[in-house]
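**Student:** Can you make the complete structure from the sequences, with help from the hints?
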Amino acid sequence: MVGFTRLRLIGFKSFVETTDFLIEPGLTGIVGPNGCGKSNLVEALRWVMGETSAKRLRGGEMDDVIFNGNTKRPARNLAEVLLEIDNQDKTAPSIYNHYHTIEVTRQIERGMGSLYRINGQEVRARDVQTLLADLATGAHSTALVSQGKIGALINAKPIERRVLLEEAAGITGLYTRRHEAELRLKATETNLERTQDILTTLDTQYQALKRQSRQAIRYRNLNERIKTFEARFYFVQKANSLKQKDDYENKMVALTQEIADTTHKVTQSLQQIDHYRDQLPALRDEEAVKIKEWQSLIYDQQKIEHEEETVRQSLHEIKLRLTQIDEGLHREKNLLNEASEMQNKIEQEILSIQAEEEKNKENLNIVQIKQEDLIHLLTNYDQELLSHTQKITETETKFQTLTHAITENETNLTRYHERYEDLHKSLVELEKKLEENIDVKNAENNWLLALNELKEIQSHLNNLEQKKNDTRQKEIVLREEVQEKQALLSKVTAEYTTLVDLFQTSHNDLWPPLIDQIVVETGFEQALGIVLGDDLAASTDKGAPIYWESLPDSEDMKQNVPLPELIKPLSNYIKSPLKILEKRLRQIGVVDHLDQGHHLQKYLHQGQRLVMHDGTAMWRWDGFTVMSIAETATAIRLHQRARLRDLIPLKDQAHQDFITSNQNLQNVVANYQSILDEEQQIKQKMQTVQLNVVDYQKKHDEQKQHIATLTAQSLSTKQLLERTQQDYHDIKVSLDNLKKDLDALPNLDGLKNQADLIKTKVQDLRQNLNEIQAEYNKLTHYIQEKQRRFNHLQEEKELWTIRLSEAKRQVSSLEEKQHALYENLNLLQSKPEKLVEQKQNLLNLIVQAEQRKNAVTDQVVEIETALINEEKNNRHVENSLSALRETYIRCEEAINQSNQALVHIQKNVQEKLHIDLDQLFEICAWDDPDSLPDEENLKTQLQRFYRDRDAIGPVNLRAEAEMEELQTKINELNTQKEELLSSIVKLRQVITNLNREGREKFVASFDQVNKHFSELFTNLFGGGKAYLTLTEASDPLEAGLEIMASPPGKKLQNLSLLSGGEQALTALALLFAVFLTNPAPICVLDEVDAPLDDANVDRFCSLVHKIEELTKTRFLIITHHRLTMARMDRLFGVTMIEHGVSQLVSVNLHQAVALRESA
1369 MVGFTRLRLI GFKSFVETTD FLIEPGLTGI VGPNGCGKSN LVEALRWVMG ETSAKRLRGG
1429 EMDDVIFNGN TKRPARNLAE VLLEIDNQDK TAPSIYNHYH TIEVTRQIER GMGSLYRING
1489 QEVRARDVQT LLADLATGAH STALVSQGKI GALINAKPIE RRVLLEEAAG ITGLYTRRHE
1549 AELRLKATET NLERTQDILT TLDTQYQALK RQSRQAIRYR NLNERIKTFE ARFYFVQKAN
1609 SLKQKDDYEN KMVALTQEIA DTTHKVTQSL QQIDHYRDQL PALRDEEAVK IKEWQSLIYD
1669 QQKIEHEEET VRQSLHEIKL RLTQIDEGLH REKNLLNEAS EMQNKIEQEI LSIQAEEEKN
1729 KENLNIVQIK QEDLIHLLTN YDQELLSHTQ KITETETKFQ TLTHAITENE TNLTRYHERY
1789 EDLHKSLVEL EKKLEENIDV KNAENNWLLA LNELKEIQSH LNNLEQKKND TRQKEIVLRE
1849 EVQEKQALLS KVTAEYTTLV DLFQTSHNDL WPPLIDQIVV ETGFEQALGI VLGDDLAAST
1909 DKGAPIYWES LPDSEDMKQN VPLPELIKPL SNYIKSPLKI LEKRLRQIGV VDHLDQGHHL
1969 QKYLHQGQRL VMHDGTAMWR WDGFTVMSIA ETATAIRLHQ RARLRDLIPL KDQAHQDFIT
2029 SNQNLQNVVA NYQSILDEEQ QIKQKMQTVQ LNVVDYQKKH DEQKQHIATL TAQSLSTKQL
2089 LERTQQDYHD IKVSLDNLKK DLDALPNLDG LKNQADLIKT KVQDLRQNLN EIQAEYNKLT
2149 HYIQEKQRRF NHLQEEKELW TIRLSEAKRQ VSSLEEKQHA LYENLNLLQS KPEKLVEQKQ
2209 NLLNLIVQAE QRKNAVTDQV VEIETALINE EKNNRHVENS LSALRETYIR CEEAINQSNQ
2269 ALVHIQKNVQ EKLHIDLDQL FEICAWDDPD SLPDEENLKT QLQRFYRDRD AIGPVNLRAE
2329 AEMEELQTKI NELNTQKEEL LSSIVKLRQV ITNLNREGRE KFVASFDQVN KHFSELFTNL
2389 FGGGKAYLTL TEASDPLEAG LEIMASPPGK KLQNLSLLSG GEQALTALAL LFAVFLTNPA
2449 PICVLDEVDA PLDDANVDRF CSLVHKIEEL TKTRFLIITH HRLTMARMDR LFGVTMIEHG
2509 VSQLVSVNLH QAVALRESA
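Mapping of the sequence shown onto my numbering: position 576 corresponds to residue 1944, and the numbering continues sequentially without gaps.
Be a bit skeptical, because a hint or two may be false.
[Said to hold, decoys possible] Below, a list of computed lysine-lysine pairs in the PhoX-like style, where the Cα atoms sit at most 25 Å apart:
hint	residue 1	residue 2
1	K2369	K1842
2	K1606	K1595
3	K2107	K2127
4	K1835	K2379
5	K2379	K1842
6	K2379	K2418
7	K1936	K1951
8	K1727	K1738
9	K2202	K1671
10	K2307	K2280
11	K1660	K1671
12	K2108	K1766
13	K1713	K2154
14	K1578	K2337
15	K2202	K1835
[To be verified] Okay, the calculated beta carbon distance ranges per label pair:
hint	residue 1	residue 2	range
16	L1746	K2120	20 to 28 Å
17	M2412	R2490	29 to 37 Å
18	E1673	H2244	36 to 44 Å
Since the hints were derived computationally from the structure, they do not count as laboratory data.
No experiment lies behind these values; they were computed from the predicted model shown.
Even glycine gets a Cβ: it sits at the ideal position worked out from N, Cα and C.
**Tutor:** This is the structure:
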């Protein structure tokens, strides 16, 4: 077995400097405080073995394994780990057996990923993983027991524990190869599907290209027709444009003369218009002067009429104002008389108020004195009444409080009495229930019975499990036997079917050959083939072109000439239906040696031959000799017929063997299924019993809990009964004290009578005070009213004085206005007569001015009418001239359009036909060049051709070339498809072989692991028993691993039901059992002794020593336990000399002990 000898770390995690960790034979311990970097050594080993998960290396990403620096050292950009493997015994995979030492290196550069090397040669990560898997180790090997792996194994599902058996069987590398083969198969199948899809797509494209090719041909034909018709269309367009141009040029010559004549007429009309326009200004000026004179006279007339109206209105206003002034004088005079009378009345009332004021003041003083005396007396009585009222209120409050407290205490007294009775009754019932405990005993008996039944079922289930495992092993053996029988049957049947098909006469074989009718003894097929050859292919039917005919014996045959030296004839070994063939075979002798044949050849008679018994040589009577020839077709056919005869019993026997084996397998499968069914029924029954156990235990616990509850309730009731009795006595004492306080209160009715007498006196005094107060208020109000009246009279007196002065002033002003109005009235009464005379004179002047204005206006109208008529005539002539000019311009435009059309036609011809206009006629292909077709007809035909071409759609003009290229590609893909199909068949056969090999190794290793596990369990526990079982699947490669263990003094049970220490030791026993079955070069145990006590640690160390001696495996043990350290061969200490930097130191304990002894 190879050995791991050295691990070198450079910049890996905390090992920043180059660190060599020597892995020597025996037990190597790694010690150090927590956090110093011990586990980094194990992680470095796993990392170099191909670990790809950063989380399993306690990192977030793979770059975290590179030293990240500290306060004194910068971060590294590179990390490298080297694993040195000793291959002196050449037990590594054959590809590496020419190396004495194998170095596996993994290097990572920050941000660049990992690089793997084996002996300096760059390889894939998969190559490293496969190499280590073939050495029964790897990054995920069970021999690398990291922290928490024991717990993970304990808590793992059976299907997850199967990996232990796979490593024990040494099929991890085989699984890797199978996985690679499956990946290749899947990739090949994917490629096949992709190839088929591509072929389907290419076939679709090929068909599409066929259609496109036909479209391209049609497209070219249409293009030729379109080119011809375009040339005709443009030629007709050109001819029409030239003809249109000539017509418009002739029309322009005639229009030139008409435009000149019309222009002369327009000139004459404009001269006449200018003459009329020259006369109009002078006449219009004269007309304006006359109109102005007439308007001035009209204005003067309006002015006189306005003045007349003004005089009339002024007379009316003056008369109206004189009337108003007369009325105002009358009113002001009446106001003077009224003001004088009011002044006299006010002065008399003021004197009366002054005389009454003194008397009212004396009466007010008398009433005020009476009011003050009553207020003083009322205040004294109010204070006395308030004192009595407070005393009554306090007495009533105390009475109500004491009455309420007495009522409440009496109610509580009654309630506590009733509560005492209820509690006493409940206590009696609880004590009665406590005396009756039959239900508890019944529940306990049922629980114990159910537990016994569960143990019996568990024992039966264990027996069934053992029986099921035995049956499963038998099924595996029989299944392999059936597969072998079936393979043999398929092989024999295929060979038999092939030979039958070969010898079966087809519908074209009308004349079966003679070779199919003879029987040759085994070993003489080649001899018969060499002497008869193709003669055996002839038929016995006379209708065949070549046939054997039965003839009578000739003279030579009748003489029956014997073979030399009594050589046995070939007919002794051949059975033939033809007599002639038998006669011929009698003349062919069989010799055993070449020398014998050469010697006897000269003694042969005519027609006789000699042949070697194995057909390797032939001698004929005439000297013809054949030596060392290959097997003939006839011999091959005879061999095949002999093989066909042999195959018939072989096929029948193989078929019978297959049926027998398959029947045995079916019986075992049925038996296995019946065991499974029985196991299922027992498991269901066990589940029912388990439920019953839980139920009975629950009922038993409930009953016990019920008794405890009743006991607690009884005790609580007794305590509550005592508290209730004490509370009842306290309330009774309190009630007596309250009644005494109630009797000690003063007489409430006497207090209320005294208060009522005082209240009556207070009410009488308050009524007298109200009367006095009302009288006082009345006198006060009367005096105030008189004072206000006095003030008001003073104000009125002043106001009437002002009114009297104002009235006198107003009378004087009105008399002055009246005098002025009478003077204006006299002046205006003489003015209307003068205005009438002026108005009559002005009317005469207006009539004369209007006559002169009308005469001038008539002249202006006459000239303007003539001007309008002449302008109308001018516009008509100018319109004619404009129409002629527009027609001329349109002709010019039409000529330009014709020229442009010719240019456009030239451009289209050059763009579409790539020729000049002069060359159009050459490609028109006219039948009658003198008779040109209609342009619209040509255009319609062209549009129809365009539509036909557009209806074709996009056209691939390279369709034919692309078809040839595509056909070549399809042929290449078909070749690839055949290669892929062949690869799939080979890969499936490889996977089948790998599965068969893995299944065989798995089943074999299971028995070994189970045996080692039982022995190691007994050693670790000092007794007890344990075994492994496969569960969850009939195929071993898909089954789970279940652990059943029975420590000393305990029943057989599942691993999960053991205690923590028992689980850890059992898991270690399983790991070491796997290790013993397929030892690995190295085993790493990372603090696996942590959950063990000192006794178990000692057993653990002894077991490790024993395994090391048996397997020569090198152990690395990380520990904190002093006993484990003491049992190591050497110790490596890991210290952290500075933050984040680890250093490795070592001590060889054997050398240290020897050194101490020598000292």
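**Student:** Take the hints in turn and mark each one as holding or not.
**Tutor:** Here's how the hints hold up against the structure:
Under the criterion of a C-alpha separation no larger than 25 Å, the hint pairing K2369 with K1842 is consistent with the structure, at around 16 Å. Distance check on the hinted pair: K1606 and K1595 sit about 16 Å apart at the alpha-carbon level, within 25 Å; holds. Proposed proximity of K2107 and K2127 is contradicted: the alpha carbons are some 33 Å apart, above 25 Å. Our distance criterion of 25 Å between C-alpha atoms is met by K1835 and K2379, whose separation comes to about 17 Å.
For the hint pairing K2379 with K1842, the CA-to-CA distance comes to about 19 Å; that is within 25 Å, so the pair holds. Simply put, K2379 and K2418 have alpha-carbon atoms about 21 Å apart, close enough for the 25 Å limit, and the pair holds. With a CA separation close to 13 Å, the supplied pair K1936 and K1951 stays within the 25 Å bound. Only pairs whose Cα atoms come within 25 Å are accepted, and K1727 paired with K1738 is accepted, the gap being roughly 18 Å.
Distance restraint check for K2202 and K1671: the Cα-Cα separation of roughly 14 Å lies within the 25 Å cut-off, and the hinted pair is therefore satisfied. A C-alpha spacing of about 15 Å is found between K2307 and K2280, which places the hinted pair at or below 25 Å, so the restraint holds. A threshold of 25 Å between alpha carbons decides the hint, and for K1660 with K1671 the separation of about 16 Å falls inside it, so the pair holds. Between K2108 and K1766 the alpha-carbon distance is near 13 Å, which keeps this suggested pair within the 25 Å criterion.
Proximity of K1713 to K2154 is assessed by CA-CA distance (about 16 Å); at most 25 Å being required, the pair is judged to hold. As the CA atoms of K1578 and K2337 are separated by approximately 16 Å, the hinted pair is consistent with the 25 Å bound. Between K2202 and K1835 the CA atoms are separated by roughly 165 Å; this puts the pair beyond 25 Å, and the hint is violated. Our hint of 20 to 28 Å for L1746 and K2120 holds, since their Cβ atoms are close to 21 Å apart.
One distance hint, 29 to 37 Å for the beta-carbon pair M2412 and R2490, holds here, with the actual separation near 34 Å. Evaluation of the 36 to 44 Å hint for E1673 and H2244 yields a failure: the beta carbon distance comes to about 53 Å.
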